[in-house]
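Chemist: From first to last, the protein sequence lines stand for chains W and L.
1 is the number of the first residue of the first sequence in our numbering; add one for each residue after it.
1 is the number of the first residue of the second sequence in our numbering; add one for each residue after it.
You may find that some hints are simply not true.
[Said to hold, decoys possible] Just so you have them, the derived chain W footprint on chain L, three or more residues with Cβ under 8 Å:
| # | region |
| --- | --- |
| 1 | 28–37 |
| 2 | 70–77 |
| 3 | 88–97 |
| 4 | 134–140 |
| 5 | 213–221 |
| 6 | 228–236 |
[What the hints assert, rightly or not] Incomplete in silico selection of chain W near chain L, CB under 8 Å:
| # | residue |
| --- | --- |
| 7 | Tyr-57 |
| 8 | Thr-69 |
| 9 | Ser-82 |
| 10 | Leu-88 |
| 11 | Trp-92 |
| 12 | Ser-99 |
| 13 | Ile-100 |
| 14 | Thr-104 |
| 15 | Ile-111 |
It should be emphasised that the hints constitute simulated quantities derived from the structure, not laboratory data.
The beta-carbon is built from N, C-alpha and C at its ideal position, and this holds for glycine as well.
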Amino acid sequence: MTAATYAIVIVAAVAVCTFITRLLPFAVFGTRKEPPGAVKYIGEVLPAAVIAILIVYCFRSTDFSSPGTLEGASGFAPAFISVALVILLHLWKRNNLLSIGTGTVCYMIMIQYVFV
Amino acid sequence: MQHNFFSAFFQRKEIWTFRILYRIIVSMKHDFEFAIKQTIPVMMGYIFMGIAYGLMLDQAGYGILWAFMTSLCIYAGSIQFILVSMLTGGMGLVSVIVMTFSVNSRHIFYGLSFIEKFRTMGRAFPYMIFSLTDETYALLCGTKIPDGTDKERAWFMIAALDQCWWVTGSVLGAVFGTLITFDITGIDFAMTALFAVIALEQWLDAKTHIPALTGLVCGTAALLIFGPDRFILPALAAAVGILVAFRKKLEKKTEGEEGEK
Numbered sequence: 001m002t003a004a005t006y007a008i009v010i011v012a013a014v015a016v017c018t019f020i021t022r023l024l025p026f027a028v029f030g031t032r033k034e035p036p037g038a039v040k041y042i043g044e045v046l047p048a049a050v051i052a053i054l055i056v057y058c059f060r061s062t063d064f065s066s067p068g069t070l071e072g073a074s075g076f077a078p079a080f081i082s083v084a085l086v087i088l089l090h091l092w093k094r095n096n097l098l099s100i101g102t103g104t105v106c107y108m109i110m111i112q113y114v115f116v
Numbered sequence: 001m002q003h004n005f006f007s008a009f010f011q012r013k014e015i016w017t018f019r020i021l022y023r024i025i026v027s028m029k030h031d032f033e034f035a036i037k038q039t040i041p042v043m044m045g046y047i048f049m050g051i052a053y054g055l056m057l058d059q060a061g062y063g064i065l066w067a068f069m070t071s072l073c074i075y076a077g078s079i080q081f082i083l084v085s086m087l088t089g090g091m092g093l094v095s096v097i098v099m100t101f102s103v104n105s106r107h108i109f110y111g112l113s114f115i116e117k118f119r120t121m122g123r124a125f126p127y128m129i130f131s132l133t134d135e136t137y138a139l140l141c142g143t144k145i146p147d148g149t150d151k152e153r154a155w156f157m158i159a160a161l162d163q164c165w166w167v168t169g170s171v172l173g174a175v176f177g178t179l180i181t182f183d184i185t186g187i188d189f190a191m192t193a194l195f196a197v198i199a200l201e202q203w204l205d206a207k208t209h210i211p212a213l214t215g216l217v218c219g220t221a222a223l224l225i226f227g228p229d230r231f232i233l234p235a236l237a238a239a240v241g242i243l244v245a246f247r248k249k250l251e252k253k254t255e256g257e258e259g260e261k
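Sequences are here, hints too, so could you generate the full structure?
Modeler: Take a look at the structure:
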């Protein structure tokens, strides 16, 4: 097997397996006229839980090991301050792009210039 | 005389075809502008994460065509980054399959929210399933479709635009990655901010905060127990378990409040 063939096989395997994970719920429950009540219920309440978990995922590498110093604070302060800014700005203006853009710029400035 | 001429003119079949076509284009333009606006935060994240991916792939010896094809056919950020090390390390096929399933298993839970909602998508149905990434999932859950916007078309455009940003970023990274000199560290925070905004909107809208709090508690607990690299699946499984256990209570709560309205 040449290097190119190997790479094509690997890429194809990853592509097929990824699609299978996305297809699975539709393949299992999608063929019936009406999905079972429990699945319908989970589908309705899960998004809020999933998005909360995704937020935790975004904070997965925050580091609280030495919060006292400026160096230690750089492990968590930029992310928490920027998210607080996003939330406050969004409560005030309710404008997605404004909240997200300002929060991101604030985060970039903080990790590049403030908490270096 | 003039009146007759014009009404005859507009009653001609081909003119009507043009008018219908014109109306379709105008309404598509409207939906397209809406979809673009919704995906701008994802664009910021995907283009720059895509650049990082394309650059990594290019430096591993796989150029533009590979960046384009992998982002087109796989379209899943985390596994694509792992793919680079799989390729350079020469990982075996079975390990690759096991790895892909374990990294992407969270997607199984995403489809559950769209089993019925995607049914109306028509020909776009398979593509909607294929393109259900974390960010597209969050956008589709969080986007309120305004009146006068075609929901199915807007959803499809949001999904397709998200993938366009990812593919564009990957290709840019493979072509120009080494030329980027300004510091873009931290631009991926746009994704965190997007999730925060969607969570906030859902929180303000929600009849009950139990699902969001369940996710927060399960996510934090799983992160502390399993560590940052493999906590999502246990967190999702625990959240589903707890939400199923509270089904009677939660359903009563949502129905009760609906009744009051």
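Chemist: Hint by hint, say whether it matches the structure.
Modeler: Status of each hint after checking the structure:
1. For the region 28–37 of chain L, the stated coverage by chain W is violated: 1 residues have a C-beta nearer than 8 Å to a C-beta of that chain, whereas at least 3 were required.
2. With 5 residues having a beta carbon nearer than 8 Å to a beta carbon of chain W, the region 70–77 of chain L meets the requirement of three or more and the stated coverage holds.
3. For the region 88–97 of chain L, the stated coverage by chain W holds: 5 residues have a C-beta nearer than 8 Å to a C-beta of that chain, and at least 3 were required.
4. Judged by the Cβ-Cβ criterion of 8 Å, the region 134–140 of chain L is covered by chain W as claimed, because 3 of its residues qualify and three suffice.
5. Counting residues of the region 213–221 of chain L whose beta carbon lies closer than 8 Å to any beta carbon of chain W gives 7, which reaches the threshold of three, so the coverage claim holds.
6. Interface restraint, the region 228–236 of chain L with chain W: holds (5 residues with C-beta to C-beta distance below 8 Å; minimum three).
7. Interface hint at Tyr-57(W): satisfied, since its Cβ lies 6 Å from the closest Cβ of chain L, which is below the 8 Å cut-off.
8. Annotation: interface hint on Thr-69(W) violated; nearest CB of chain L at approximately 21 Å, more than 8 Å.
9. Satisfaction of the interface hint for Ser-82(W) is found here, the shortest Cβ-Cβ separation to chain L being roughly 6 Å, below the 8 Å cut-off.
10. Against a cut-off of 8 Å between C-beta atoms, the interface hint on Leu-88(W) is violated, since the closest Cβ of chain L lies about 10 Å away.
11. Residue-level restraint check for Trp-92(W) is violated (minimum Cβ-Cβ distance to chain L is 12 Å; threshold 8 Å).
12. Here the hint on Ser-99(W) is kept, as its CB sits about 5 Å from the closest CB of chain L, short of 8 Å.
13. The closest approach between the C-beta of Ile-100(W) and any C-beta of chain L is roughly 4 Å, which is under the 8 Å cut-off, so the hint is satisfied.
14. Against a cut-off of 8 Å between C-beta atoms, the interface hint on Thr-104(W) holds, since the closest Cβ of chain L lies about 5 Å away.
15. Among the interface hints, the one on Ile-111(W) holds; its C-beta lies about 5 Å from the nearest C-beta in chain L, closer than the 8 Å criterion.
Hints 1, 8, 10, 11, counting from the list given before, are not met by this structure.
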